[in-house]
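Put together the whole structure using the sequences plus the hints.
Those sequence lines, one after another, are chains A, B and C.
So the first sequence is numbered by the numbering used here: it starts at 1 and just counts up by one.
So the second sequence is numbered by the numbering used here: it starts at 1001 and just counts up by one.
So the third sequence is numbered by the numbering used here: it starts at 2001 and just counts up by one.
Hints may contain errors.
Stated by the list, open to error - Derived BS3-like pairs (lysine-lysine); straight-line CA-CA distance at most 25 Å:
(1) B:1022 x A:145
(2) C:2110 x C:2122
(3) C:2701 x C:2391
(4) C:2212 x C:2181
(5) C:2605 x A:92
(6) A:145 x A:128
(7) A:145 x C:2593
(8) C:2249 x C:2110
(9) B:1022 x A:11
(10) C:2596 x A:145
(11) C:2593 x C:2605
(12) C:2596 x A:128
(13) C:2593 x A:128
(14) C:2476 x C:2509
(15) C:2391 x A:128
(16) C:2593 x C:2369
(17) A:92 x B:1022
(18) C:2391 x C:2212
(19) C:2701 x C:2593
(20) C:2181 x C:2476
(21) B:1022 x C:2476
(22) A:128 x A:152
(23) C:2498 x C:2509
(24) C:2110 x C:2068
(25) C:2122 x C:2387
Derived from the structure by calculation, the hints contain no laboratory data.
The model shown is predicted, which means the values in this text are computed figures rather than measured ones.
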Amino acid sequence: MQTVSMNVNGKSVSGEVEDRTLLVEFLRENLRLTGTHVGCDTSQCGACVVHVDGVSVKSCTMLAAQADGSDVTTIEGLASNGDLHPMQQAFKDNHGLQCGFCTPGMVMSALDIVNRNGNNVDEATVRKELEGNICRCTGYHNIVKAVQAGAKNMGA
Amino acid sequence: MTENGIGVSVRRKEDNRFLTGKGSYTDDLNVAGQTHAYFVRSPHAHATLNSMDTSAAA
Amino acid sequence: MAVLTGDDLAADGIGPLICGVNVTSDDGEPHRAPVHPALAQGKVNYVGDHVAVVIAESLSQAKDAAEKVEIDYGVLPSVTDTATAAADGQQQIHDNAPNNMCYNWPFGDKAAVDAVFESAHKVSSLDLVNNRMVTNPMEPRAALGDYNSGTEEITLHVTTQNPHVHRLVLSAFNQLAPEHKLRVVGPDVGGGFGAKIFVYAEELVVGWSCRKVNRPVKWTGDRTEAFLADAHGRDHVAHAEMALDENGKFLAMRVNTTANLGAYLSTFATMVPSYLYAFLLAGQYSTPLIYSEVKAVFTNTAPVDACRGAGRPEATFLLERLVDVCAEDMGLDPAEIRRRNFIPVDAFPYQTPVVQCYDSGDYPAALDKALALADYDGFSARAEEAKSRGKRRGVGLSFYVEACGIAPSAAVGQLGAGVGLWESAQVRFNPTGNVQVFTGTHSHGQGHETTFAQLVTEQLGVPIENIEVIHGDTAKTQFGMGTYGSRSLAVGGVAIAKACEKLIEKGKKIAAHALEAAEGDIEFADGNFTVAGTDKAMNIAEVAFNAYVPHSYPEGLEPGFDENAFFDPMNFSFPAGTHVCEVEVDPETGVVKIIKYSAVDDFGKLINPMIVEGQVHGGIVHGVGQALLEGCQYDSDGQLITASYMDYAMPRADNVPSFDVDYAPTDPPHNPLGVKGCGEAGAIGAPPAVINAITNALGIKHIDMPATPENVWRAAQSAS
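Here you go:
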């Protein structure tokens, strides 16, 4: 066991973890931040995407110990004062979610896409960059629309 | 037709909880004193179970 | 720490898992149903079969302990191949299922069909496989059991599409607990697509073991377990033939199908390749005679049951592939041969030769609209242009009819179902005027909380923000049969509407008393009860308040403003549609790119078009996944070699384009809301549309799914 400390959604947190504890387990089990989901065991589905020091990370692929001292943002950290983040709002406006299970990872990946590709990211780029996030419900059509709309709104 | 009635593409009432990580799926639930189950599964497609010794595990 | 086995289950009198639908085999006997213990007793029959459960303080402790369970297996030869599972000399899996047969189920007049084939102008035929799929909702299955020794009640939170069905089955057939001492909650559920209809071993074991160890027990499956032990879908091998006259009219169809049911029968397994398959083989055509024979077999693979569409995608894929072969054989355009065989618009309600009586449809209208949307006329120019770049363009059409709104109880009872398939609703005003709607359906992505609220705001005039839809908890909702078979709106929505009607009727009595008018003079619109011809009015919220504070109230009328309703549909509903897929194939690499996909569907009336369109998109990609990417593979030893997302290719955002979706609605006369259901349509329409496009591009008769680059490349090589 070891103690890890990090800043999660603007709050300093620390906890006791095993060496093998994954970041997603630390978030879900220790911090009870259950918005970050686990949809697979091979780092394929992207339901667990969070940001570590501003970069998207599959939190099932990182040990909690590796995130020691980092700034972590999860889906719970996006809305402020009850207002949805523009990307969250775009998912709602464009019906970019159905069952909601892949949604946190999709939104966190979407933000990373915008960070790297700007506010006018095109459809082909969005589709290519979402390759690491699997959704079974939406057929991606409305997710892609939402990411593009969210990207625009973030620049407005 | 009323404002949010039949035929209108009303934005979903359920979305806010899912978009903010406040959905409540089964694995998100925890109750005091809970234990965890793990299933031992067959590695074979077709086999007789001749014997099982659980003493080392229990 | 505890390790529990099948012997412990048996000692506690917990019953085996059951299948609830009877299919009578051709020998007059019921289908063969092997005993399916939730934890193995003496034998295991597929990789992933449940042998024991370890219960520990933490998941990692439980996993570590599971490694220490020593088991001596006597490995037997296994059977995995669908086509040969019932062959002579095969390894027998279950003592009570000779030749690994579950049933052989013929339907139709074989002699009459054979006679037509004897004298037909032309017979077109096709052998095909409907590839096995793993359903793969993104949330893996999970269960949390909590036993209260004071009340002797078990609360089971579980990933279910139908909490009341779970409670009923677990209580009546597994003897887990009496129904009134078992609460089943399906909280937010991350997608179902059929896989979460069924009552699984893990759920029963969690419910039982939490009482046994007198501690709450939680189990969350990982993705590998989902691949191994969720019920899979499809897995047919079939031979299909069509007899045609000289004008390309279909005279008779003959289909021989072998369906793999896996090692044991899942909850509804028997009905998927029978009633949900053979009864849909007429499609949109007026084929007068159909004969189908379905052989359902056991193999050493995970149980197979309903997966989005359930039987209807298999029927549609077979029929629409066969019709394309017919078109080729007759030298007709694929659209033209369909036009010649459509059920005429004036023939509805239309009795098919395979039991179903279609409610309404206008198939030519959907076709015309779809061809325009797809710019079908411009295809040859686009194909030429692609050819100049060394690519091959193809266009594929598919036409489907599905039976949804499941189901009229009397009809399914006659077929052998153990349940009625009505739905129930409760619409409750609170004294302060807001409304709680309790439905027995379950939303796991479909957006019921919105769609059902729209129904209620339309009918009762209460602002939508004052309406809450509640589902998924047997302790809250009166009863229900859950969500599958595109039934929630067509059955559950009608129950809600009926409860609203009852409230309006009662409200008229209360308003008449308060407004000092005759009940017959009270009209209701937009949330207000008014005295006809006057400006005297009362809002429904005030009426509700009066009903709970009945100080001045009609004599003899019950207080309260809260109504229940049940609805049992008179028929299935029959959504239909035309899907058009245009692909570009790179013959050098075998990569298939979907250039354009157009769908025109008849779902009847749309309540929330945004949600409906989303359902269509998702269904299409589920179907594209089956057509191009997804294929569940067992090796000859029964090892599942596609047990992760590394090996089983799920459709991803860059595998598909955006879609063009439109509607050609008709009005189903038997459904009070005029709705049909939309959740499965895409998964039914897409596979034949995609494969028909590929065969068109390559000029080949057939290619099996999934049409992976390797398979397509090989086909392109052999065609050129």
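Cross-check of the supplied hints:
no. : hint            : result
1   : B:1022 x A:145  : holds (23 Å)
2   : C:2110 x C:2122 : holds (18 Å)
3   : C:2701 x C:2391 : holds (19 Å)
4   : C:2212 x C:2181 : holds (15 Å)
5   : C:2605 x A:92   : holds (24 Å)
6   : A:145 x A:128   : holds (14 Å)
7   : A:145 x C:2593  : holds (20 Å)
8   : C:2249 x C:2110 : holds (20 Å)
9   : B:1022 x A:11   : holds (18 Å)
10  : C:2596 x A:145  : holds (17 Å)
11  : C:2593 x C:2605 : violated (33 Å)
12  : C:2596 x A:128  : holds (18 Å)
13  : C:2593 x A:128  : holds (14 Å)
14  : C:2476 x C:2509 : violated (28 Å)
15  : C:2391 x A:128  : holds (22 Å)
16  : C:2593 x C:2369 : holds (24 Å)
17  : A:92 x B:1022   : holds (15 Å)
18  : C:2391 x C:2212 : violated (64 Å)
19  : C:2701 x C:2593 : holds (20 Å)
20  : C:2181 x C:2476 : holds (14 Å)
21  : B:1022 x C:2476 : holds (21 Å)
22  : A:128 x A:152   : holds (18 Å)
23  : C:2498 x C:2509 : holds (17 Å)
24  : C:2110 x C:2068 : violated (57 Å)
25  : C:2122 x C:2387 : violated (33 Å)
The structure is inconsistent with the numbered hints 11, 14, 18, 24 and 25, although it conforms to all the rest.
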